[in-house]
Each structure stands twice: as C-alpha cells, then as structure tokens.
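Novice: For the record, in the sequence shown the residue sitting at position 8 is 7 according to numbering that gives the first Met the number 0, with numbers rising by one throughout.
Simulated from the structure, these hints should not be mistaken for laboratory data.
Honestly, I wouldn't trust all of these hints.
[To be verified] Calculated pairs, DSS-like style, for lysine-lysine (alpha carbon to alpha carbon, straight line, at most 25 Å):
| hint | residue 1 | residue 2 |
| --- | --- | --- |
| 1 | Lys66 | Lys49 |
| 2 | Lys20 | Lys63 |
| 3 | Lys38 | Lys15 |
| 4 | Lys66 | Lys1 |
| 5 | Lys49 | Lys15 |
| 6 | Lys49 | Lys20 |
| 7 | Lys20 | Lys57 |
| 8 | Lys20 | Lys66 |
| 9 | Lys15 | Lys1 |
| 10 | Lys63 | Lys51 |
| 11 | Lys51 | Lys67 |
| 12 | Lys63 | Lys15 |
| 13 | Lys57 | Lys19 |
| 14 | Lys63 | Lys49 |
| 15 | Lys38 | Lys66 |
| 16 | Lys66 | Lys51 |
| 17 | Lys66 | Lys15 |
| 18 | Lys67 | Lys15 |
| 19 | Lys38 | Lys20 |
| 20 | Lys1 | Lys38 |
| 21 | Lys57 | Lys67 |
| 22 | Lys1 | Lys57 |
| 23 | Lys63 | Lys19 |
| 24 | Lys49 | Lys38 |
| 25 | Lys57 | Lys15 |
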Amino acid sequence: MKLRALQQELEEYFAKTYTKKYVEFGGYFHIKPHKTLTKSPMQHYFSSGKYKELNDPKLERYWKEIKKRELYWNITAMVIIVLFYVLNRE
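Using the sequences and the accompanying hints, generate a full structural model.
Specialist: Structure (structure tokens):
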C-alpha cells in the first residue's frame, strides 16, 4: 500500500472514530484543501505523540506504518541526492 493511501486510511478511521477531535483539527490530516509546505494540526498532533492518550491500537498501527514509510522515503531521497552530487562532481 502506498504512503498516500495509508495516510488517507488513517484520516478516514480517525474521522469516523474521533469525529470531535477530527473537526477540532480542521478536518484533514494529509488530504489538504490546498497544498502547503507546513504540517496540518492533525499531523502535529500525531508527531507530538499525544494521540497515545486515546489508547487505540489500530490508530497506533496506522501511525507507526506511516512513520516507517516516511522514513524510508526520506532516506531514499537523501541517497538519490548524494548519488547525484557524487556522480556529477568534476
């Protein structure tokens, strides 16, 4: 499953299960009404670890998988940048 699909699943699950909190965060995690470079309030909530107060194992699984995929993506991007730099040096 792709990262974006996983983020959408997390958002849909969170919206259905914790509707009041979802609305409090402005109603989006990754599916933003417009593209921005900053994190959404919901992304900040998960990144801070405060979601653990909900004691929801399914939410925990979604978030751990998303963090793992984001880490892999960042590592891959860094490797590509380093390779590009090394191969284009003269």
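Novice: All the hints need checking, so say for each whether the structure fits it.
Specialist: Hint check results:
For the given pair, Lys66 sits about 15 Å from Lys49 by alpha-carbon distance, which is consistent with the 25 Å threshold. Taken as a hint, the Lys20 and Lys63 pair is honoured in the structure, with Cα atoms around 20 Å apart against an allowance of 25 Å. A distance of roughly 21 Å separates the Cα atoms of Lys38 and Lys15; the hinted pair therefore holds under the 25 Å criterion. A C-alpha spacing of about 13 Å is found between Lys66 and Lys1, which places the hinted pair at or below 25 Å, so the restraint holds.
A hinted pair counts as satisfied when its Cα atoms are at most 25 Å apart, and Lys49 with Lys15 qualifies at roughly 19 Å. Distance restraint check for Lys49 and Lys20: the Cα-Cα separation of roughly 12 Å lies within the 25 Å cut-off, and the hinted pair is therefore satisfied. Taken as a hint, the Lys20 and Lys57 pair is honoured in the structure, with Cα atoms around 16 Å apart against an allowance of 25 Å. For the suggested pair Lys20 and Lys66, the alpha carbons sit about 21 Å apart, so the restraint of at most 25 Å is met.
Proximity of Lys15 to Lys1 is assessed by CA-CA distance (about 21 Å); at most 25 Å being required, the pair is judged to hold. This hinted pair checks out: Lys63 and Lys51 have alpha carbons roughly 12 Å apart, not beyond 25 Å. With a C-alpha separation of about 17 Å, the suggested pairing of Lys51 with Lys67 holds against the 25 Å cut-off. Of the supplied pair hints, the one linking Lys63 and Lys15 holds, its CA atoms being roughly 19 Å apart against a limit of 25 Å.
A C-alpha spacing of about 18 Å is found between Lys57 and Lys19, which places the hinted pair at or below 25 Å, so the restraint holds. In summary, the hint linking Lys63 to Lys49 is supported, as the alpha carbons are separated by about 14 Å, within the 25 Å threshold. Restraint check for Lys38 and Lys66: satisfied, since their Cα atoms lie roughly 14 Å apart, inside the 25 Å limit. With a C-alpha separation of about 15 Å, the suggested pairing of Lys66 with Lys51 holds against the 25 Å cut-off.
Taking the CA atoms of Lys66 and Lys15, the gap is about 21 Å. The hint holds against a cut of 25 Å. Between Lys67 and Lys15, the direct Cα distance comes to roughly 24 Å. Compliance with the 25 Å bound is thereby established for this hinted pair. The suggested pairing of Lys38 with Lys20 holds, with an alpha-carbon distance near 17 Å, which does not exceed 25 Å. A threshold of 25 Å between alpha carbons decides the hint, and for Lys1 with Lys38 the separation of about 19 Å falls inside it, so the pair holds.
Of the pairs offered as hints, the one joining Lys57 and Lys67 holds, with about 16 Å between alpha carbons and a cut-off of 25 Å not exceeded. Simply put, Lys1 and Lys57 have alpha-carbon atoms about 18 Å apart, close enough for the 25 Å limit, and the pair holds. Annotation: proposed proximity of Lys63 to Lys19 holds, straight-line Cα distance about 23 Å (limit 25 Å). Annotation: proposed proximity of Lys49 to Lys38 holds, straight-line Cα distance about 15 Å (limit 25 Å).
Simply put, Lys57 and Lys15 have alpha-carbon atoms about 13 Å apart, close enough for the 25 Å limit, and the pair holds.
Every hint, counting from the list given before, is met by this structure.
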